[in-house]
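Just so you know, the protein sequences line up as chains A and B, in that order.
As numbered in this note's numbering, residues 1 to 323 make up the first sequence, in order.
As numbered in this note's numbering, residues 1001 to 1175 make up the second sequence, in order.
Among these hints, one or two may not hold up.
What the hints assert, rightly or not - Straight-line Cα separation of at most 30 Å, DSBU-like style, residue types lysine-lysine; simulated pairs: (1) K39(A) - K71(A); (2) K67(A) - K81(A); (3) K1136(B) - K81(A); (4) K1136(B) - K322(A).
Hints in this document: simulated from the structure, not taken from any laboratory.
Spelled out from the first residue to the last, the chains are:
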Amino acid sequence: MEQIGNMIGWETVKMVVGLVGVLVFVVLNALILTWAERKVAGHMQRRIGPKEVGPYGLIQPIADALKLLGKEILTPREVDKPLYYLAPMIIFVPVLVSFVVIPFDASLQVMDINVGILVILAFSSLSVFSILMAGWGSNNKYALIGAIRSIAQNIAYEIPLLLALLPIIMMTNSFSLKSIVEAQHGLWFVVYQPFAFLIYFIAGVAETNRTPFDLPEAESELVAGYHTEYSGMRFALFFLAEYTNIFIVSAIAVTFFLGGYQGPFLPGIIWFLLKSYLLVFVIMWLRWTYPRVRFDQLLNISWKALIPLSFINLLITGGLLKL
Amino acid sequence: MNLGEIIFLITVVATLGGAAMAVLSGSIVYALLGLVAAMFGIAGLYIFLNSPFLSMMQILIYVGAVSVLIAFAIMLIGPLYRKPKEWTTVGKFVAALGVALVSLFTFVRFVMETFGDTLPQGVPLAESPSFKITTKEIGRLFFNDLVLPFELISLLVVVAILGAIMLALFSRGNK
Chain A
1 MEQIGNMIGW ETVKMVVGLV GVLVFVVLNA LILTWAERKV AGHMQRRIGP KEVGPYGLIQ
61 PIADALKLLG KEILTPREVD KPLYYLAPMI IFVPVLVSFV VIPFDASLQV MDINVGILVI
121 LAFSSLSVFS ILMAGWGSNN KYALIGAIRS IAQNIAYEIP LLLALLPIIM MTNSFSLKSI
181 VEAQHGLWFV VYQPFAFLIY FIAGVAETNR TPFDLPEAES ELVAGYHTEY SGMRFALFFL
241 AEYTNIFIVS AIAVTFFLGG YQGPFLPGII WFLLKSYLLV FVIMWLRWTY PRVRFDQLLN
301 ISWKALIPLS FINLLITGGL LKL
Chain B
1001 MNLGEIIFLI TVVATLGGAA MAVLSGSIVY ALLGLVAAMF GIAGLYIFLN SPFLSMMQIL
1061 IYVGAVSVLI AFAIMLIGPL YRKPKEWTTV GKFVAALGVA LVSLFTFVRF VMETFGDTLP
1121 QGVPLAESPS FKITTKEIGR LFFNDLVLPF ELISLLVVVA ILGAIMLALF SRGNK
């Protein structure tokens, strides 16, 4: 072990171990979330949800995953092959990059980069291109409409998302996620910035294409939106990415507003996961509570309410900081 | 050849290959994706120049905003995937090459004229003091030495926004 470490450098070993850990976490997280979503949906509609496979249906997601792995991977005849094949792979890039900079605990972070939050925000735009490639390459009307909607939605909600995080960056004078968590040692930033938290959360739900903002994949209108033509494991990759994105949005919200891994008694990682999954539960709760918004309503919420409000919030924060 | 050099080669290939794809591709979506690849490559080159902030801003602005807007514009003009591909003709290619060479020459001359004396000789670029720039220093520069260009750019943006509003209002009035 020592020899290997000296040969390729401990930094490299740490990176590789971290990345493998991230991959394991991504898969586990998606398995748990699919189960949780079905349970939450069930109980909200006075059903029980999955219960046959294993205790409380806990093995159900593994059965689903095996089913998807065993399915034939169909490629429709007239698709644009390079785009169609690349789309499910590219949607995974932002997902994996984001995990590199998220601090799970004081020492449990693959890399503390001093532009951490910018890395996540910059790479998250790649998922739009993946959706564009899937929608365009599928040669399917529903897929194309889903992709168009996704791009319009992304343009609208990227701005309030950034503007809601900026006040926190101004308060801590740092882009590093770790120092932002450390700055919340006394009071969580949600106390100083309740509006920014709300704006970020709404924009985050919209960025992950979740109900009530799930227009790119609206089942009742577009079959399955941009991934209509995907089957088997390729479909599963889109699914994995979606659930991981939900976790990432919650994890950033926890890091920026809810004190990250800080909390009494329990170790940091447990606090971090507890807070994150609480927010994930809220996102699922939203899905089974509110109906889908209309597209003009969706764009109006962002351009007419969220963006002006976040600008005002930013101005007030800047003014108060200089007082 | 160590790992850093391999990664450097990959970024260079991504930049040049993406740029070539953006110019030569017959399909507008492939051209856009080539542009995205080139922007990512340039962002990678910024990291090799020790400016991670600039690199992330490059991705955030040119991939996250400009290219997404271009994608939006492509989507608005309707489904093109059934149309035959339009390959770049030799004439267009020569014209593009000419423009590229002229701008390269101008840029090199500009850099030599402006910074030719100040570039430290013999010191690796990454270790020279001008390459340890933080966001704080960038912000300070914007509001001290570069305040006039900064304000002029703001003015330009305001004019652009007003123009967009005028266009939107006029087209609505015609209906």
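Status of each hint after checking the structure:
1. K39(A) - K71(A): 25 Å, holds
2. K67(A) - K81(A): With Cα atoms ~25 Å apart, K67(A) and K81(A) stay inside 30 Å; holds.
3. K1136(B) - K81(A): It is violated: about 46 Å lies between the C-alpha atoms, which goes past 30 Å.
4. K1136(B) - K322(A): 16 Å, holds
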